[in-house]
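Residue numbers (the working numbering), protein chains in the order written: chain A, 1 to 251; chain B, 1 to 308.
A hint or two may mislead.
[Unchecked claim] One side only, chain B facing chain A, incomplete, derived with CB under 8 Å:
hint, residue
1, G28
2, A32
3, A34
4, L194
5, L201
6, G202
7, T204
8, Q207
[What the hints assert, rightly or not] 27 Å max Cα-Cα, derived DSSO-like pairs, lysine-lysine:
hint, chain 1, residue 1, chain 2, residue 2
9, A, K67, A, K99
10, A, K194, A, K30
11, A, K196, A, K119
12, A, K142, B, K195
13, B, K195, A, K99
14, A, K21, A, K76
15, A, K138, A, K76
16, A, K67, A, K185
17, A, K30, A, K67
18, B, K75, A, K76
19, A, K196, A, K232
20, B, K53, B, K75
21, A, K67, B, K53
22, A, K138, A, K185
23, B, K195, A, K119
Don't read these hints as lab results, they were simulated from the structure. These numbers come from a predicted model, not from an experiment. Using N, Cα and C, we set each Cβ at its ideal position, and we do this for glycine too.
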Amino acid sequence: MQALIEIERLNLFYGSFHALKNISMDIPEKAITAFIGPSGCGKSTLLRSLNRMNDMIPGTSTHGSIKIAGADIYGKDIDVEALRKNVGMVFQQPNPFPKSIYDNVAYGPRLHGITSRHKLDEIVESSLRGAALWNEVKDHLKRSALSLSGGQQQRLCIARALAVEPDVLLMDEATSALDPISTLKIEELAQELKAKYTIVMVTHNMHQAARVSNQTVFFLNGEVVEYAETEKLFSNPQDQRTEDYISGRFG
Amino acid sequence: MNAPVRSVEAAGDRVARFPQHKREEWIGRLYAYACVALLVVTIFSIVWFIASKGLTPFVSGAIRFSDLLFGRVWKPEGEPALFGALPFLAGSAYVSFLAAAIASPFGFCAAVFMTQIAPKLGRTVLQPAIELLAGIPSVVYGFVGLSVIVPFLREVFEGQGYGILAGSLVLSIMILPTITSIATDALHTLPAGLKEGSFALGATRWQTIYRLILPTTLPSLLTGIVLGISRAFGEALAVQMVIGNAPFVPTSLLQSAATLTSIITLEMGNTIGGSLHNNTLWSLALILLMMTFLFVFAVRFLERRAKR
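Bound-form chain B, shown alone (with noise of 0.2 Å):
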């Protein structure tokens, strides 16, 4: 009995004098709010300084912003200088979606795989394998796209071989990854006792998966696949190695191409800060970050009704 009374009036003397917990407390939570005050304030300044920056050229009147967005020619250094983002907002368009259409499928299947039909394997070599290829270096990709993609397109086509397509294919591959991932989680998370229901009908292990599996998994399987998209609309490096980097509006797939970010990689060494060409650029970039807001914005639309 006398051992507790000790501690306490122990205790107590250190809480009168100098209260450590309360210490430690205030310590911790000067910490996370300092971080999230610093994170927050980044973010900020990330925003108004592109978003400073990119409007100055529609706020100057140097430029309308129809004519960015509907131009269909882009010649920063003509006489006049015309300033059309059409063929890089069709190009990004083209590659990322293209790219999600391609990897779309592969993604899905390989989580059916990994998940329903050999989740042993699927844990040991197929998953290690996909995280491997979200670590790889664009420029690597980009490397493998030049030397391997953009001959074979050669090869099999008439052409350069540069072009949406190549852009599109080296894309789904960055993006496949994302896609299985989350098709993998969405999977994992199905009630057990769905599968085992579909199964007493006496349906088969395909017809559960296309009747039962995808319908319900269908809303986390669109966020991998805006993810994706997200994820090839922002590239830059592995797309400009093999698009070729020509400003028109794509009419085929195998014809050289761009994209905003290709644009705004390459360009950007050759302006001056300042300059209406690299104010421009800078709207470009503003368009990035809006269509990333868009992205988020779809994406948690999308959680929501997958959590209904």
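Pulled out of the complex, with its shape left as it was, chain A reads as follows (with noise of 0.2 Å):
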């Protein structure tokens, strides 16, 4: 499978804090990528480096490089909108604004500048049922999203961010505060979107990274432990600390 990220020799700092030692890791286009490991190891920092959230955060200093589509996205002359633009991202909790269904799908493209009122319905109605979320609201597209369930505020969330058609979609936990049937939801959605998408997600559940991912990448203390396929990762691990973390070890 093609390569459509990578990241090359990656270190980042929060202030004096080295968060990410020296990572590099290609990731394939079209799959889903899984990055598990215990509370602060890195494995949210370095999604959050793919669409460059960090640079939000002061004091925090990236070295080294991340290519996107062999763009190198801390280049000098890249656009971070753009890169947003192309590069989504579901969040822990879901955070849709506070706007009706519609306007929340079609905020992206209005960003960039589509107005036309019949390309907005079509693109909300795509994204919507892209994200499976058509069929429940589209007799209600002018209620608040804030009336919606979790699970489908996180799918509306999903839907928003395949308004602006992207590459790739970075997923951080995206499922951690929902209940189990919408998780479930959510897990079978990843599954139909990567034939699209290049789909990154960070997970605290081992049984959901094995479940959807292809590959999986296993992190500690802001290192990459063992990347390797999905299935050969969690039935044969090379390393012991590995091991350890998915046989419930530890974290």
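Put the complex together from the two separate chains, hints included.
Set out below in structure tokens:
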């Protein structure tokens, strides 16, 4: 499989704290890659480096390179807004805007200059269909997004991310605040979405990584311990620390 | 094992004879209730006093309420005496709304600057400066208005310089802290995830501010604006010093005018208690009080909407 994201010797500091240590990896396109590891191991930090959301945290410095589709996203002439449009993100807590369902999905396209009502209607419908939410909300698109359940809100956030037509979708523990049924729906959705999008997910839930991902990366203390096909990593881990973690001996 | 048993016995002894905790409870309760009762009695007496005085002209049949509200001529010493308060109602409304219109954009921008753009500079410099602005006595504002704004307006435009515009400018500075601090609070309580969600879709900071933050905090901003208007409506001294105090319905921003508050402060010393003129000033006070109630209700309504 073709690598869409190439990370090379990435080091990241929060002030003097060395959060990511010399990370290099290739993430293949149109597949699901899961980042697992105990809290504070750097998995979310790496995920947030992929759309430069760490830029907003004061005192962060990044060294090394991340290339997405060949372009260095920490390069000089990179347009951060265009990068974020191309690399969508779904957060741990569903964060719908306090607007209608329609306006939530249309928010991104409007940012990027689409004003035609007809075109927006199309995008809203296709994005909501893409996030498997259309059938539940098609009759009340004008209703506030905050009236939806937690699981529906999270799928709305996925629809909102899809609406700007990204290539990559980052999911930062996107199901950890949801009930088991909503979690399952999001996992099924991720399976469908990987046909069109490159998905990188951070999860606390090892079973989730085992269920849905194609590759799994195990992080510990800011380092990559093991990166392998999911099946292989869970059935036959090469590193003792990976084995200890996936068999529940720590973390 | 012995120690706890002994202490329980000892405590039991004390409780039986003189329950310390209950006594404290009662003292505390009594104190709190007494304070609340005193407060309620004070508020109701003030309202009762103003209402009984202010309603006298209408009850005695000396003036009709509609004549007070819509009468354009205020000649309390005339023959016949005319008590038309429309000039003051209009003056108060003009200066208050105009002041809010001037102060609101500044207040919101200051709040955005303090919370979104330069939180550190905002916290250390701008916030204390604005709090200081809130602490300056109104007579000082009036004095500054009189010696800076009025001459300035006289230079730039034709006329005296006194009037609605001068009053509005002075008031806008006075209500700026109210609007700014409420807008700042609203922006602080915004869920952190919202901004991130917007940035993650490729929004710039300004797009996030005017497409997401402004609409989301609008009910709270309106609360601040209404509170600002309410404060402007009730301000007497500073306005009186710069507005010119001419009892005519204003037709221009640069024309001398008067407000409900300015006419009360100006004329109350020249009237005899119990006279029609004096009682009519109380009627104006009653109108001010009613307006205040209206503003309080508006603020409550907006706050309920903001919570939803």
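>> What's the verdict on K67/A and K185/A, does the C-alpha distance respect the 27 Å limit or exceed it?
In response: Distance ~31 Å between K67/A and K185/A Cα, so the pair is violated.
>> With the threshold set at 27 Å, check whether the alpha-carbon distance from K138/A to K185/A stays at or below it.
In response: Holds - the C-alpha atoms of K185/A and K138/A are around 18 Å apart, at most 27 Å.
> Given T204/B was flagged as interface, is its beta-carbon under 8 Å from a beta-carbon of chain A?
Replying inline: holds, 6 Å
> Keeping to a limit of 27 Å between CA atoms, is the pair of K30/A and K67/A held or broken?
Replying inline: Roughly 16 Å separates the two Cα atoms, so the pair holds.
>> Less than 8 Å between beta-carbons is the criterion; does A34/B satisfy it with respect to chain A?
In response: Hint on A34/B: violated, closest Cβ of chain A at ~44 Å, above 8 Å.
>> Would the hint linking K67/A and K53/B be met if the CA-CA limit is 27 Å?
In response: violated, 79 Å
>> Given the hinted pair K195/B and K119/A, is their Cα-Cα distance within 27 Å?
In response: Holds, at roughly 26 Å.
>> Does K195/B sit within 27 Å of K142/A, going by the straight-line distance between their CA atoms?
In response: Judged against 27 Å, a Cα distance of about 22 Å means the pair holds.
> Are the Cα positions of K196/A and K232/A separated by 27 Å at most?
Replying inline: holds, 24 Å
> Quick one, are K67/A and K99/A close enough, alpha carbons at most 27 Å?
Replying inline: Not OK: K67/A and K99/A at ~35 Å, beyond 27 Å, violated.
>> So, as I understand it, the hint says G28/B touches chain A; can you test that by seeing if any CB pair is closer than 8 Å?
In response: For G28/B, the interface hint is violated, since the closest Cβ of chain A sits about 41 Å away, which is over 8 Å.
> Regarding the pair K196/A and K119/A, is the alpha-carbon distance no greater than 27 Å?
Replying inline: holds, 21 Å
Hint compliance for this structure: hints 1, 2, 3, 9, 15, 16, 18 and 21 are not met, and every other hint is.
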